[in-house]
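> In order, the protein sequences belong to chains A and B. Residue 408 in the working numbering sits at position 408 of the first sequence, with consecutive numbering throughout. Residue 1006 in the working numbering sits at position 6 of the second sequence, with consecutive numbering throughout.
It should be emphasised that the hints constitute simulated quantities derived from the structure, not laboratory data. Hints may contain errors.
[Unchecked claim] Dumping the calculated DSS-like pairs for lysine-lysine here, alpha-carbon to alpha-carbon at most 25 Å: (1) Lys436(A) with Lys74(A); (2) Lys390(A) with Lys337(A); (3) Lys317(A) with Lys349(A); (4) Lys165(A) with Lys1025(B); (5) Lys351(A) with Lys380(A); (6) Lys237(A) with Lys409(A); (7) Lys26(A) with Lys1025(B); (8) Lys33(A) with Lys1018(B); (9) Lys165(A) with Lys1018(B); (10) Lys184(A) with Lys337(A); (11) Lys441(A) with Lys317(A); (12) Lys37(A) with Lys1003(B); (13) Lys1013(B) with Lys1025(B); (14) Lys6(A) with Lys1018(B); (15) Lys26(A) with Lys1003(B); (16) Lys6(A) with Lys1025(B); (17) Lys165(A) with Lys1013(B); (18) Lys165(A) with Lys184(A).
[What the hints assert, rightly or not] A few chain B residues facing chain A, derived, Cβ under 10 Å: (19) His1002; (20) Ile1008; (21) Thr1020; (22) Leu1024; (23) Gly1029; (24) Phe1031; (25) Pro1032; (26) Asn1051; (27) Leu1052; (28) Asp1054.
[Stated by the list, open to error] Some chain A residues judged to face chain B by a derived CB distance under 8 Å, without partners named: (29) Arg23; (30) Glu30; (31) Asp305; (32) Cys329; (33) Ile347.
Computed from a predicted structure; not experimentally measured. Beta carbons: idealized from backbone N, C-alpha and C, even for Gly.
In case you want the letters, here they are:
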Amino acid sequence: MGAVQKEWGPYWNPVLETLRHERIRKLQLEKFKRIFKWTYERSKFHRGLYENADIRPGDIRSLEDVRRMPMVEKSMMRDIQRKDPFPYGDALCVPLEDVSEFRQTSGTTGQPVYQPDTWQDWEWWAECWAYILWAQGYRPSDRVFIPFGYNVFVAFWAGHYAAEKIGAEVVPGGVLDTQARILKIQELKCTAMMATPTYVLGMADTARKMGIDPSSLTIRRITCAGEPGASIPSTKKRMEDAWGAKVFDHAGATEIGAWCFECEAQSGGLHVNEAFFLVEIQDVETGEYIEEPGRRGKMIITALDREAQPCVRFDSKDLIEWAAEPCPCGRTFRLIKGGVVGRSDDITKVKGVLLAPSAIEEVVRGIDGLSDEFEVIVDKVGDIDRIALKVEILGGREGERPRIETQLKDQLRLKTNLGYNIEFHKYGTLPRYEVKAKRFKDLRKGH
Amino acid sequence: MHKHAELIEIHQKILSLKNTAEELKQSTGDFPALARNTARILASIKMLELNLSDFVEAGLSD
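Only chain B is shown next, with the shape it has when bound in the complex (with noise of 0.2 Å):
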């Protein structure tokens, strides 16, 4: 089973790809290419946090 440190590591990991993944969103303007593609980025980053990050914050990986 994973440790502690692992699951904080595998949710810093996530909360740096959303936040990425939000940059990207606020800098693509007039390119629908980029922004509809990064809105679909960010839903599956949000099954990431369902699955893992959820669980972190809520102080349950001790």
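Isolated chain A, as found in the complex (with noise of 0.2 Å):
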């Protein structure tokens, strides 16, 4: 039927996503103290926690007073789970037959950590997904494609249900392989899609080896999650250009929710859903709190709305900033700016010197001619760190090589301050990852 498309406006809640932002502090302070309530009052683990720190609900009045209560990191977690009620142990806030779904982090940094949800928390998943698919302009109209491995991962899971709930059409590519998924896209056509900055490339280099330009599908936004790399500019122009399509982040965690995106202005920055989450900064070395912009902090975050295992107070560990420049798109939700720029417990020092992964990330996928995969090796040979830096020059532009390796370590040096052993690969020879790349990596644990 050819019924008349509804003219939807830009925001997903028109209210919350243009609050002044006084009023989203007072709005953020009745929303903590109803669930540091509930969690007091709930768990076991978080009320014993609380009155170590001799601190109860009655106590919070402002949300200064918020900083004196105690954080939670994932290691606590790993702590108390795996015993009854089981698997969760005493962080559960619910009767466990209320659980209605399970997801698992993904164990990159130690024992995965275990998430039940009530099916209202998991509306509210969708919910927060609703608020960043909405802002990343997907509509009742689009046909969303999402190519990922439906299992125990949160990942897209959100995605999915908050694309259904947008009204949009969903087609899940779960267990088909890549060349399957690229010729479901062109068949029915779809709009949109949902995947790691990483197998994004990936699709596009087995489009390109089917002869199928990607550019040529009609896929014209992409949400991405699980990598930095939708923020990482050089990262985010490879896919943009091997798409034809605009390429979004956003960021979430299993153990968080998903809390920051970005919109369709692309103003160098993410939302903070500041309606649903509680974002404070915190200076890793002085232990200072940042309210102004451009100093670099840790997250300290809090779900202002889940309940089964509630998030309060979570050290994520991710490093961020607040943004200088409020966002064109008109939403009062705070940027941070350049999205989550890297983890505190993900730099590295090298030969002395700081070093961010996501830094040679920018360098690799800034030069034209190198392919997008790489590998990083830190070594030591004797007592000295070592550095090698394993790329791949495109097809047919081996003759390129001088200009690429000249260019490759100038701007390694610029943006890293360290020296580089550079070995070119062969195209096609480096590992392809399908879901989160393990493009780094410290033998140096191991001597």
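Starting from two chains that each stand alone, build the complex the way the hints lay out.
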């Protein structure tokens, strides 16, 4: 039927997304009191934590009071889990029979943490994602392809439910291989998709090998998660050029929820959904709380409405900073500049210099003639740190190696203050990843 | 943009919806199809509260 399509506005929630900052803060305070009381009354783990710190729900009268509360770290969750009520332990705030969803963290930094959710929590997850998708221009007329392995990792599960919630049509690309996924996108003329940056680039590569130019397909918007790439300008550009689509970043985590997102304005930052989350930034060295733009610190986050296993003052280890300028989209949710710029436990010292793996990615992906893949290996020779950077030159561009090598060395020196042993590998020989890539290897710990 | 009175009116409708769903849940007895679907309706109503009622109840709608 040729019904006239409704004209929708730019905001999923035109009230909350444009609320003045002081009003958002008031809402956050009221909601924080509620989740604190909920958690204090229902979780033996949290109650013990707060009583040890001598703080109770009635003590919170301002958002400054919140800073007196202890933080929760991932390691604490590992310690209390796999015990009764099995497998979640004493952080569980609802009867076990009210849990309807199980997910777990990827285990990148240790034993996975289990995350129970009630159906209300699951609705909430989808709601968080609905804010994201709407801000990125998804509408009921979209046909959204989701090429990920639906399993115990939360990944794009809530993106799937949110796409349904906003009224779009969802095509689950679950167990299909990459070629079959590309053919399905082509056949169904899908207009949007969600994937990790690694997989977005990998799919484009596969499509070209199949003789299909990915930009000739009908994908016009792509939502990324799981890796920082969509906020790294050179990686974002590669994805956008390959697909002829706008690529948007968002950040979320199993224990937290989907807490921030890039909007259609693509202003170089991600909006924190401040109606659903309270984000604090703390200086890693001094412990001082940062309110002003331009100072980087680690994020402490509270999900204000999650009930089964709440996330209250979670020390995420993510490094972020507030942006100075408001976003031209009109949302009053504050922006974090450049997205999640690293992790406090991810930045490593090499030859006495702090090195963030994302800085290397920014350089490699910014050089014309190199493929999307690379690998960084840090090792020790005697007492001296050595960094090997493995890259591939695109097929047919081998003659440009001197120019590429010079450019690469110069940019790496400029952006990271370090020298590298650069190894050129034949195109297609470095490992390819389907979900989260493991391109940075520090072998010094083995010595 | 929505006016204060309109938001209050919407909030009242959400409250009414919630009360009805809660009453329904109480009366479902040994009728899983009604009980579980009502539980899901209540979870959806909670999303209405998060999107509007919390804001109104915090006195932010004027």
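> Taking the earlier hints as the rules, which of them does this structure contradict?
Checked against the structure, the hints that fail are numbers 2, 7, 10, 12, 14, 16, 20, 21, 22, 23, 24, 25, 32, 33, while the rest are satisfied.
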